[in-house]
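Line order of the protein sequences matches chains L and B. With our numbering, letter number 75 in the first sequence gets 75, and the count goes up by one each step, no holes. Take any residue in the second sequence, count from 1 to its spot, add 548: that is its number in our numbering.
Quick caveat, the hints were computed from the structure, so don't treat them as lab data. Do not rely on the hints blindly, as some may be mistaken.
[To be verified] Straight-line C-alpha distance at most 27 Å; calculated DSS-like pairs for lysine-lysine: (1) 511(L) - 223(L); (2) 476(L) - 657(B); (3) 656(B) - 476(L); (4) 632(B) - 656(B); (5) 415(L) - 434(L); (6) 476(L) - 92(L).
Each chain, written out:
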Amino acid sequence: MKVRARDPKQAWTEDFESSPVRDDGIETSTISGVPLKPLYTSNDFPATRTEELPGQFPYTRGIHPSGYRGRLWTMRQFSGFATAEETNRRYKYLLANGQTGLSVAFDMPTLMGQDSDAPTSRGEIGHCGVAIDSLADMETLFDGIPLGEITTSMTINSPAAILLCMYIAVAEEQGVPASVLGGTLQNDILKEFIAQKEFIFPPAPSMRLVVDSIEYCAKEVPKWNTISISGYHIREAGSTAAQELAFTLADGMAYVDACVERGMRIDDFAPRLSFFFDAHIDFFEEIAKFRAARRIWARWMRERYGAQDERSLKLRFHTQTAGVSLTAQQPELNIARTAIEALAAVLGGTQSLHTNAMDEVLALPTDKSARIALRTQQLLAYESGVANTVDPLGGSYFIEALTDEMERQAETYFKQIEDLGGVIPAIEASFFQKEIADSAFRYQSELEQKRRIMIGVNDFTVDEEVPIDILRIDPKLESEQVARVREVRRRRDQARCSNALTSLRKAAAGKDNLMPYILEAVRAYATEGEIMNTLIEVFGIYTERAVV
Amino acid sequence: MSPTAVRPVRIIVAKVGLDGHDRGVKVVARALRDAGYEVIYTGLRQTPEMVVDAALQEDAQVIGLSIHSGAHMTLFPAVVRELKHRKATDIVVFGGGIIPDDDIAALKKQGVEQLFTPGTPLQEIVDWLRQRFPDEKR
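Chain L extracted, bound-state conformation (with noise of 0.2 Å):
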């Protein structure tokens, strides 16, 4: 019998529709609610994408031609807690397990900007970070580990230029040159308005540290990574990828906007401009993110902003797995899901990566747990071969398909944000933040109604006693760090921190650049505390309108 030759495409599409389908009620959509098919073919492919290449414009594929043939990626778990003794400690533990770099976190009071005495300081020192008062707790900090040989990421934003300083007069003591230093400040402001909210002074002063921060970075420490801009924290905080990429990305086109409007010219500072993004559990949407990420930046530096020398068109970003992904329930399985989450971030190009311990929705993680977390990027850099091959996903169907339909929805984004006059009128109008709130309330509700499913939490519990073992800080730590701030004010010399803070408030009144007189501050051993309060004499504080 003669059987009619049957298009294979149009003949899969009816053999699907006659198959049975699950129906568990589970979403089909990606976490972002991105409606995904059940099967992308060569349909899905736009021809234009065959001719991308790793290491050409418009970078999808990734900014290095090598990958990670070159050189894998910086290996750079976040740490910090209690006392910079304590966290000193830490660090040479995890430099001498094999981690590549360091990531300072700071403790509630020194993120905000306060010293360890103020009263609202009371319950939060050394909770979620170290505390760091003044350049003698960053002396200790660092002792003993050469600045000029390694990397260090601080994750700091309101106060990033004063601690950025102490970081640059505690090289100054081991005889590093500021010329020589590498490393990345978060320093990225909008963000902290947008989502992460450790915001002090209103958002025009906010944006004028920042670009004195760049400018100066420029001339005198041209290693540094001047702003690392943010999608981590509005990740976190409940927006979808799409949401992630677009409010991103138009940040560091504000930041841009900010800096040539200051006369610095584009490639000057472009290329020292980094990027921060989620890893979130939605294994594909996130490559799609990563690679749709670095497509766009080029586009814009390139179109809109002239960019000529091809790092500033490189999107570089470090990526973080998500911390909202971790259930305290069954914590042992966040191995598992970070690993995933992880092997999305390589799979997407990162340069740096932290991955998350287990234990970091219940505390701090314990070294052992830290140890794990390290373990599961070098399980994948070394064992599982995914570092063998550049872009292993590129040319894929799905991928391509979803890498186009989130930068799609960004440059929709760009578009509702231009008309609402901007980043920093959209922040005032609570766009962002209704934007993730909303987010944050479907996932939420998704969860609630089974649409989705967290292992352990809305589905395949069990009944058991977490046995996890958990850092806790020792609450006599919080006396002696107040009292090691108040001996630091009583020994330093006085005259020359009280004309710092003199000389500090007069410029901010002005236009200089603040960078040379926070150093000369820092240099003199005045507090973040005392600084960050001179520079609120003039700047105001802002206070944002809670909206639900």
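Since chain L is already given, all that's left is putting chain B on it; use the hints.
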């Protein structure tokens, strides 16, 4: 004014401490509102005094506290103490955030009635309130 039976339960939800992680508090605030409660969100960085002020001013029956910085052992009991000090111990205090089990037990002893940790279904919080205020209009 006649007693609470004629009006919905009013809840102050507040972020105490220095951290700005407001995802959880906003999700909970919306869920409580959707469940029929009157919810007033104070915004970030409230001191215990500010929270109690708001609760008294708004004539709230319940205070819900959220924190993610690890300072719960200092700040939650401080809210309870402030309520005692202001002779407002009829106001019920509950909390949420990253709070280890041992701390939950200690906080309950100190007068925080209930604590919810990451992964808690929103319905569980609503159910707890319904049980705690069974006769109230919603």
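Could you work out which earlier hints the structure fails to respect and list their numbers in ascending sequence?
none
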